[in-house]
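Enquirer: The lines below spell out each chain.
Protein chains: 2
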Amino acid sequence: GDHQETVPVEGVAGGGTAYGWSDTGVNDPRPLRGAIDPMKVSSLELLNVWCMPNSANVGPQDMPRELEPISLLAARNERESIQIAIRPKVSWGGSGIAGTVQVQCTDLCSPCGARLVVGQSLTLRRVVPVLGVPDALVPLDMPVCQLNLFPGETTVIWISVDVPSEQTPGHYEGEIIISATKSEAESTSQSLTKVEKHQLYRELRDCLDVVEPLKGRPSEEVVERVKSATSSLRRVLLSPSFADFFSDYGPIDMMEEDAVSSLSIRLKISLTVWDFVLPVTPSVPAVIGISDTVIEDRFGVEHGTNEWFELLDQHFKWLLQYRISPYFCRWGNGMRVLTYTSPWPADHPKSDEYFSDPRLAAYAVPNGPIVPCGDTAKDYLRREVEILRTKNHWKKAYFYLWDEPLNIEQYNGIRSMASEIHAYAPDARILTTYYCGPSDAPLASNNFEAFLKVPEFLRPHTQIYCTSEWVIGNREDLAKDIIAEIQTENGEEWWTYVCLGPGDPHPNWHLGMRGTQHRAVMWRVWKEGGTGFLYWGANCYEKATVPSAEIKFRRGLPPGDGVLFYPGQVFSSSQQPVASLRLERLLSGLQDIEYLKLYASRFGRDESLNLLEKTGMYQGPERYTSEHTPIDIMRGEVYRTCRS
Amino acid sequence: GDHQETVPVEGVAGGGTAYGWSDTGVNDPRPLRGAIDPMKVSSLELLNVWCMPNSANVGPQDMPRELEPISLLAARNERESIQIAIRPKVSWGGSGIAGTVQVQCTDLCSPCGARLVVGQSLTLRRVVPVLGVPDALVPLDMPVCQLNLFPGETTVIWISVDVPSEQTPGHYEGEIIISATKSEAESTSQSLTKVEKHQLYRELRDCLDVVEPLKGRPSEEVVERVKSATSSLRRVLLSPSFADFFSDYGPIDMMEEDAVSSLSIRLKISLTVWDFVLPVTPSVPAVIGISDTVIEDRFGVEHGTNEWFELLDQHFKWLLQYRISPYFCRWGNGMRVLTYTSPWPADHPKSDEYFSDPRLAAYAVPNGPIVPCGDTAKDYLRREVEILRTKNHWKKAYFYLWDEPLNIEQYNGIRSMASEIHAYAPDARILTTYYCGPSDAPLASNNFEAFLKVPEFLRPHTQIYCTSEWVIGNREDLAKDIIAEIQTENGEEWWTYVCLGPGDPHPNWHLGMRGTQHRAVMWRVWKEGGTGFLYWGANCYEKATVPSAEIKFRRGLPPGDGVLFYPGQVFSSSQQPVASLRLERLLSGLQDIEYLKLYASRFGRDESLNLLEKTGMYQGPERYTSEHTPIDIMRGEVYRTCRS
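As you go down the protein sequences, you meet chains F and Z in turn.
Note that UniProt numbering gives residue 349 to position 349 of the first sequence, counting from 1, and the numbers run on in steps of one.
Note that UniProt numbering gives residue 377 to position 377 of the second sequence, counting from 1, and the numbers run on in steps of one.
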């Protein structure tokens, strides 16, 4: 006994405290020893790879889960996304990194030969933390990219499938192939540095100088010179720079460079595309503000210049992909706002192009010139309205004049502006955001009652009554009271908005909230019965005068509030904006509304609410799922019951 | 009025919510536009750089502060450290990173020509987060290194100065030079890839083939062949691969490659070395355990093989730099431990080398063979003791037999093992760790009284009573009660230990605790009057069988508990262990004890405690500084009053 005990084993028995018990990592019986060559070991020995739904916030500290096959459902004209998390089990990459992986993506193909093409319908982005929270989606090269992994850190890839409206319904399959590979530093050690290259250049030039002026020289000298050049050339070819090629005079085997092999991890993606086509024009307009001032400052463009028009155009087009209706905005005195969806005058062809785009559900018409043009505001406004009211797209137009009026003077300001507009077009829609009545002339004895009476007070100077969700709190029944005050029969609408409130646990788009909490903003709209949504804004960073300047959130606002995308320059040399996870979830929420609307069109609105309830997806602003499964169940149920 | 208001300015007036107000970033009047060339812009426009004391935990989310000059004080044979934080103001690096910086370090020089040499006395390490908390110190290349910065992330460099014992006291100055530079990817775009290189190689070989067998050929053919080769060579030289060099036939200006210039940020380091030499042998032995089992598993070496001895040797030597006395340990049944500072038998020259190293303050003697050797445990123990007790270093020896006995059987086990040892050497020191008396035979009516009576109960079978700080809680006065039970006049000692307890806010080495909390572990030892300290252990990671396997902390333990360093392989291709911040703070704490001891030797122990109190550095386990300043004040006061 004594003898044995002198060489005891740490573990179950002793102070090892569970030593080896949670050993979920490397289970392979063949241990990896010494320097690890990723080209000779199964990537599964080097990497944990697992999938997560798009509503999960997966950060650097997330721990591995089981790898399960990916099975997605998407309608046509829908985007569906999934996340793949990668965490190194070991390090093989040398300095500073755990290792490099190559990620490759195939087209998704159906048995009948239809395809969803990588780089077009299938895109990969890297999830980058902002303030430590996964949020920015930085595009990756397609169809192959390399990623550096860091020790003890989980790296996350966001995969999106955009199904075109005309895509053949059916079952599609493809693969994501993940391969541990040599780091770039290692591969470039095989290349020539600038210094080596310059050395080589000089030697070759010297060779040339020796043999070049041969014409007319005595043949003895020619022979000598050629000999000298030949031996220089031979020396160059035998130099260490070309050592890789000595052994083999034949073609180099470049296969080694190809990381994809039987050692790779192959992740099957299976996608069912069903016949439902999401309407091109979103059923619920979501109007989202873009600060033109922020664009001007950050990109250093002057208001009204060609560059300025180009940048606004880029922002408009990019945001339109997200089923939202952008408006540009600059702030005036008080909370007066100058809002406009097109920076061009109404008679400019670009305005017509913008407004008649079927993806645009609503557009803001400015109540004065955006770029000074010599006209008075009055004249400008009259002409704009006169042009627009003759168009088919006029039904999408709205005027957003003032943000959150607080007193009689401000309410009167809206009345007077609205009167002017209605004088030119009685059917013009004025949108007013508010969360209370005028404080200096209470409309009722308590705040909520006063808030309820705003439509009565503002009528007919507002058609879209846009209220803060913060007012409702967790008392969803109040939505009914609000709607009761809206004369929908006269074309009035009730819209809602979120901003710095409501806070957790209510749905909003703040950084650090749960993924389902982001997505639930739109579930709430559906349940409460609002017919539109407003958000200010998508790019409200702290002031900066360099496109690639670090993003800072504005002081006094919850992180992420007012920011739905980032300038691409911050994350790469790309000019394209970088979406936030929250913008993707806004899109998902808008898509969920189309599913629910389809279901309601078959079985009635009440049944659609019942579906939200019975799946556990959304029951109220404090009772909604934190898991993804209920979302898939809802979507699956709509698919099962509504497919043709 | 109307006209003006149509082009309002976002900001103070309106919904911009403090837009531009916290603009502490880019203040430069010349805005950076378009692609940023780091070689043409002052690095200060691209980077925030600031310094932080070594007791600060500076993570990726830390925000910039004012850059202040670095002024350090260090004794001889002391290590003093400072942190430099770098955060990009903008991105210039292209894909995935904000940009690359080059960090360069000069020697520290005194006016009389003495030097602290970069790479030897001056080292740079990168602070790498573990579980999101800054902890691992990964060595950087010296004297120049490149670092990638990430958007919105603070990168931290840990600079240590190790002052040799024989260093000339005086004032030293040097510089850290930080330069934004082109990313490696960009610079390598100027180099030849393997494919281009191979192409070039083939073309040159073809040239050679054409001209090589010229001997004996008709001169016409020679001329033709040389012509052909010459034109091939000319084509090669004009190829895009060498395009960089076309413009200039003279020597290339390689200065561009040198990132250090007037654009760099130069950070002055000023260091006062004073004449005090920290004793080579630490005044308070800190014995720190290393799991041999973990080494065996992770590095795949078999117990007792040459590789095994080499690895243990490497660990011993590396840890000895930290003023600590390592012991190796493996666990037996119950909480029996086999502890040994030298893996070799006592008569092996390496054991003598280990034990007589003046930096080693205490060593563990095993009570049986570590590697089976044919001897019985009894015989082996007797021979070890007989050899060691004749040596000068025998006074450093201790026997650590059992960890935290809990019942009479375990206490009896210690008694019987100790009796055997004392039979061979009556002056042998047995160390016993405990936090309570035997549960099945209470020594008193309450737990703390029973704990107090352990020395009386164990005597004479233990000389070093090593108790958990957890027992004391915040009642520092209990330390006096413990000491009252120790017969110091008979050579008995009171040591302490921390492990999973005590928890926050008490001093310990858990990840996520404040830096001063880590350092205060040793302040506490000094204040309470313990004469030694024990910690298990330095490398108690979860089981892994690959050197570079991800570090996992053991289940059920607070993160960082039992882990003071990491295998270098996890972070780079280096074999050298990577220190944790917590290990550096253990060292700093041990150095603080030497300062306090020096002060006590001049003014008495009470005055040293008074100094701790009046600086606000440490007053008790729940009352110690969270700021660094009191530490500098204490050190400055010792310097002021004790320098010669």
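Fair warning: there could be bad hints in the mix.
The list makes no distinction among identical chains, and a pair is therefore deemed to hold if it is satisfied within one copy or across any two copies.
To be verified - List time: in silico SDA-like cross-link candidates among lysine to any residue, alpha-carbon distance up to 25 Å:
| hint | residue 1 | residue 2 |
| --- | --- | --- |
| 1 | 552 | 95 |
| 2 | 40 | 574 |
| 3 | 215 | 427 |
| 4 | 215 | 231 |
| 5 | 227 | 386 |
Derived by calculation from the structure, the hints in this document are not laboratory data.
Enquirer: If a hint holds in the structure, say so; if it doesn't, say that too.
Expert: Against the structure, the hints come out as follows:
In this assembly of identical chains, the alpha carbons of residue 552 and residue 95 lie at most 25 Å apart only when taken from different copies (20 Å versus 31 Å within one copy). Taking the closest pair of Cα atoms, residue 40 and residue 574 come within 25 Å of each other only across two copies (21 Å); inside a single copy the shortest separation is 35 Å, beyond that limit. For the identical chains of this complex, residue 215 and residue 427 are neighbours neither inside a copy (91 Å) nor across copies (98 Å), given an alpha-carbon limit of 25 Å. Proximity of residue 215 to residue 231 under the C-alpha cut-off of 25 Å is found in both arrangements, the shortest distances being 21 Å within a copy and 14 Å between copies.
For the identical chains of this complex, residue 227 and residue 386 are neighbours neither inside a copy (88 Å) nor across copies (79 Å), given an alpha-carbon limit of 25 Å.
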